[in-house]
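Chemist: If you read the protein sequences in the order shown, they are chains A and B.
For the first sequence, the residue numbers in our numbering are 1 to 112.
For the second sequence, the residue numbers in our numbering are 1001 to 1112.
There may be inaccurate statements among the hints.
What the hints assert, rightly or not - In the SDA-like style, the derived pairs of lysine to any residue whose C-alpha atoms are separated by at most 20 Å in a straight line are: (1) A:Lys2 x B:Arg1070; (2) B:Lys1002 x A:Gln93; (3) B:Lys1111 x B:Lys1002; (4) B:Lys1029 x A:Asn35; (5) B:Lys1002 x A:Met91.
As the list claims (entries may be wrong) - Just a sample of chain A residues kept apart from chain B, beta carbon distances all over 10 Å, derived: (6) Phe4; (7) Gly17; (8) Asp20; (9) Val23; (10) Lys79.
Stated by the list, open to error - Listed below are several chain B residues computed to face chain A (Cβ distance under 10 Å; list not exhaustive): (11) Val1023; (12) Val1045; (13) Trp1056; (14) Glu1072; (15) Gly1081; (16) Val1084; (17) Leu1107; (18) Ile1108.
Calculated from the structure, these hints are not laboratory results.
Positions of the beta carbon are idealized from the N, C-alpha and C atoms, including for glycine.
Read off the chains here:
Number of protein chains: 2
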Amino acid sequence: MKVFDYTEIPAQEAEEGAKDVTVRWLITKDTGAPNFAMRLFEMKVSGYSPFHTHDWEHEVFILDGEGIVRSEQGDFPFKPGSVVFVPPNEMHQFRNTGKTLVRFLCLIPFKK
Amino acid sequence: MKVFDYTEIPAQEAEEGAKDVTVRWLITKDTGAPNFAMRLFEMKVSGYSPFHTHDWEHEVFILDGEGIVRSEQGDFPFKPGSVVFVPPNEMHQFRNTGKTLVRFLCLIPFKK
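Excised from the complex, chain A in its bound form (with noise of 0.2 Å):
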């Protein structure tokens, strides 16, 4: 078992295409976990992820802040306790909308 604060993990610069956004990789495969990962992304004021798609899946929780969640079908409001899930190969794009940071966790399978 292991437990610890999310704050241990650093906090790393995230994917090209995505402006002010950090990552926290706090549970893969070197700490033992066999199927998925769990990430946090930190998301600052106007900051967002590229608007792209892949073929996994997200599963996310809404921690902090305000925005939306771009899809070819709309755009979806987020605040904090949402839940998002997004299936594999949809086009989806966090945004910061709000006035505040906006922290999320988001979860991913391990490529097979």
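Dock chain B against chain A, hints included.
Modeler: Quick look at chain B alone, frame taken from chain A:
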């Protein structure tokens, strides 16, 4: 894509052996998830989950409240922002030893 508030999912009594614990199954196969489920637990003051084991892992993030995770290696304290990884086949129990409601996310893989 699905975006909703966690309170839209009803809280159910948790499993046998738990005391004062409810669970909301936020993301499941019915949501369209292919690999793993997201659940949110609420544990009242002095509540606990059973001290038990199973052949799947837990990936946990503490949202609110304070308590301990009991294991065969001793007790680990947790607080908001704590991350808990419980590997498959390891004994574990969550206990609310604080003075406020404990809320945490606990994600598990679907059984093959």
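Chemist: So, for every hint listed, does it hold in this structure?
Modeler: A quick look at each hint next to the structure:
| no. | hint | result |
| --- | --- | --- |
| 1 | A:Lys2 x B:Arg1070 | holds (12 Å) |
| 2 | B:Lys1002 x A:Gln93 | holds (13 Å) |
| 3 | B:Lys1111 x B:Lys1002 | violated (23 Å) |
| 4 | B:Lys1029 x A:Asn35 | holds (16 Å) |
| 5 | B:Lys1002 x A:Met91 | holds (13 Å) |
| 6 | Phe4 | violated (6 Å) |
| 7 | Gly17 | holds (19 Å) |
| 8 | Asp20 | holds (21 Å) |
| 9 | Val23 | holds (14 Å) |
| 10 | Lys79 | violated (8 Å) |
| 11 | Val1023 | violated (14 Å) |
| 12 | Val1045 | violated (21 Å) |
| 13 | Trp1056 | holds (8 Å) |
| 14 | Glu1072 | holds (9 Å) |
| 15 | Gly1081 | holds (5 Å) |
| 16 | Val1084 | holds (5 Å) |
| 17 | Leu1107 | holds (6 Å) |
| 18 | Ile1108 | holds (9 Å) |
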